[in-house]
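Student: Sequence:
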Amino acid sequence: MSKNDTNNELNKCAAEDMRSGSALAASAGNSKWAWTKYATLVGVAIFFAFNFVLLLWQPLNKVKPEALPSAHTWTYWAAREFLSQQKPSDIVICGSSVLMHPIARVEAVHKNKNLDYVLDHQSTYFADALGNSIGQQNLSCFSFALPGSMISDNFMVMRGLLTGAHKPSVVVLGLTLRDFIDSGVTCPGATPPFRYLKRYANIDDVIDLAMPQIWQRFDYWLGKLVYVNGKKMDMQTLLSEQVKSILDPVFKKEFGPCRLVEMDPTRNTPSNLRGEIEPGMMIVGPHEAASYLDNTAEYRKRYRRNDPKMFEIQSSFLEKLLAEAKANDVRVIMVNVPVSEQNHTLMPVGAYEKYQARVKALASKWGVEYFDPSNNVQFVQSDFYDSVHMNADGGKKLLDQFVLAVRGDSRSLAALSARSTVANKAVLTDKAM
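Quick note, in my numbering, the sequence shown goes up one by one and the last residue is 434.
Hints in this document: simulated from the structure, not taken from any laboratory. Ideal placement from N, C-alpha and C gives every residue a C-beta, glycine not left out. No incorrect hints appear here.
Across the chosen pairs, the derived CB separations fall in these ranges: (1) 220 with 82: 28 to 38 Å; (2) 306 with 206: 23 to 33 Å; (3) 187 with 166: 34 to 44 Å; (4) 350 with 187: 18 to 28 Å.
With the sequences and hints as input, model every part of the structure.
Tutor: Structure follows, in structure tokens:
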């Protein structure tokens with residue numbers, strides 16, 4: 002065989018080997034790709050099966066909402082105290098800080114001691130004054146007035162908390178124009194009270210009102226379809242707390258307590274649980290010195306965007322609140338909370354009249370009392386410590402008007418009397434046993 006023939010044979014063999022190698026490589030690549038696709042499909046199938054089980058099981062629904070980890074917001078503290086009461090409050094006052102501040106300041110004077118806004122939501126002054134006025138003792142009143150609260154937030158309090166064993170006889174709902182048109186609120190479902198109270202109430206039927214834009218609702222509906230997405234914060238925090246409870250004793254035994262944590266207990270708190278308010282941060286004394294804070298710049302911003310759509314959304318929430326109360330046999334009295342003349346000058350032209358007309362129309366439609374204290378007593382500049390918030394003097398005048406509002410509503414009096422009768426029978430039965 003010639004040299005050329007030998008080279009040709011070698012080249013043929015090499016080419017054959019290359020083709021065989023390529024075939025083997027291609028076969029191996031195809032097998033690897035097939036296995037990857039198979040593993041991916043199995044993984045997706047397992048995820049969907051696991052998600053389906055969680056959606057059916059709803060494991061976190063078996064945990065009391067108040068037991069789930071939460072940032073310490075104003076709503077968290079109020080709900081915590083409200084739900085821990087031995088017996089339900091006879092009356093609950095709902096509203097924003099225009100009620101929270103005067104109620105707290107009056108309460109400090111009434112009890113003649115410092116009052117912690119965070120831990121004390123009772124209005125014993127109002128309960129005592131009303132009880133004396135109608136001849137019914139031992140009434141109780143809880144203030145669910147929250148900073149920046151909108152009507153939508155009051156609706157969530159009504160639906161989520163003022164039901165069942167915690168249901169009051171009467172709800173006094175304090176209203177102002179700001180509750181309907183606050184420019185600082187772009188989406189009702191994004192406020193701290195609304196976000197927290199979602200754990201107590203189903204909001205599927207109001208989601209279009211709470212989150213008007215499609216992109217705002219996307220995460221909500223994704224959470225309804227994918228359990229771990231909707232409950233990610235709760236699950237993450239519960240797992241973190243569980244791991245910490247296991248590891249902390251070990252670390253403390255081996256290394257001793259952390260001095261930094263001892264000096265600042267919030268240091269180890271997850272960022273999503275760090276509170277906006279803690280006990281001791283808001284204290285009011287019984288004899289605060291008279292002062293006045295000019296907050297007109299803040300309210301120019303709040304009234305800046307007179308958004309008709311937001312007004313209609315909040316009006317819809319007010320109607321749903323009244324419907325919810327009627328369904329639960331809770332009597333509602335709506336009160337127009339006075340603000341200073343200085344604040345009135347900042348309101349958009351015609352907005353206050355539109356607000357009053359809408360509230361009166363809804364009151365008439367749902368058969369609830371609408372009460373305007375300004376018709377009975379004049380609130381002057383010295384009753385306020387800024388353009389909207391009353392001091393203790395103004396607060397006392399306001400709560401005295403609340404007494405007139407409840408006393409003037411025969412159905413509220415009947416509801417309170419009926420509850421008192423049931424309570425007295427229960428006491429007599431216990432004594433007989």
